[in-house]
Amino acid sequence: MANTNFKQVVKLFSDEEITGIQEVYIEKENGEQPWIVIEHSGNELSLSLDNWESLNQLVINAKKSLKIK
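Count along the sequence shown from 1, then add 10; that gives the number in our numbering.
Since the hints were made in silico from the structure, they are not lab data.
It cannot be assumed that every hint is accurate.
In silico BS3-like cross-links for lysine-lysine, where the CA-CA straight-line distance does not exceed 25 Å [unchecked claim]: (1) LYS21 x LYS73; (2) LYS77 x LYS21; (3) LYS38 x LYS79; (4) LYS17 x LYS38; (5) LYS17 x LYS77.
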């Protein structure tokens, strides 16, 4: 089994100094689909890496429709 974990501190609101922690954990077991757990300021999302890629593409499409970089 292989896994990796990264964390960072981010400013939660552009007009306030409040920070939160973002964390990503990816696990890959032999013969199993990779799995990702994402946490943002205490809120967790856990899904397959394929579903994460689909969700990420959905965000990209939504940003494009609003002309957000």
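Right, here's what the structure says about each hint:
no.: 1; hint: LYS21 x LYS73; verdict: holds, 21 Å
no.: 2; hint: LYS77 x LYS21; verdict: holds, 23 Å
no.: 3; hint: LYS38 x LYS79; verdict: violated, 31 Å
no.: 4; hint: LYS17 x LYS38; verdict: holds, 18 Å
no.: 5; hint: LYS17 x LYS77; verdict: violated, 29 Å
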